[in-house]
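Residue numbering for the sequence shown follows my numbering, beginning at 420 and increasing consecutively.
Be aware that a few hints might be false.
Quick list of the computed label-pair ranges, beta carbon to beta carbon [stated by the list, open to error]:
#1 Thr453 - Ile474: 21 to 29 Å
#2 Tyr496 - Thr453: 17 to 25 Å
#3 Glu466 - Gly436: 40 to 48 Å
#4 Ile469 - Leu439: 36 to 44 Å
#5 Thr457 - Ser493: 17 to 25 Å
Calculated directly from the structure, the hints in this document are not laboratory data. C-beta: ideal position from N, C-alpha, C; glycine also.
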Amino acid sequence: TCCTLLKRWWRQPRPVGALLQDYGMPSNHMQTMTFLVTYFLAFLWREVTIRDALIFKPLLSLLGALLAAAVGASRVYLGEHSAEQV
Numbered sequence: 420t421c422c423t424l425l426k427r428w429w430r431q432p433r434p435v436g437a438l439l440q441d442y443g444m445p446s447n448h449m450q451t452m453t454f455l456v457t458y459f460l461a462f463l464w465r466e467v468t469i470r471d472a473l474i475f476k477p478l479l480s481l482l483g484a485l486l487a488a489a490v491g492a493s494r495v496y497l498g499e500h501s502a503e504q505v
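Sequences are here, hints too, so could you generate the full structure?
This is the structure we're talking about:
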């Protein structure tokens, strides 16, 4: 996959104490989350027509960004990645 190729190219080790032993950069979780949130937001803003869109579209955008940030923070908190890797 693309992430595996990038890990082999950057060869950035995971933090000391991480359970996984492969390279840590980039985070598979963050790469997937970024793609999903970006795809969802592009679809939301381009294709979805809902009543009260001026409220719901920005609110859903904020929630998507917060969800992606929470995934990144959890990877650092669990010690599987450094902040630079997410």
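Against the structure, the hints come out as follows:
no.: 1; hint: Thr453 - Ile474: 21 to 29 Å; in the structure: holds (25 Å)
no.: 2; hint: Tyr496 - Thr453: 17 to 25 Å; in the structure: holds (18 Å)
no.: 3; hint: Glu466 - Gly436: 40 to 48 Å; in the structure: holds (44 Å)
no.: 4; hint: Ile469 - Leu439: 36 to 44 Å; in the structure: holds (41 Å)
no.: 5; hint: Thr457 - Ser493: 17 to 25 Å; in the structure: holds (19 Å)
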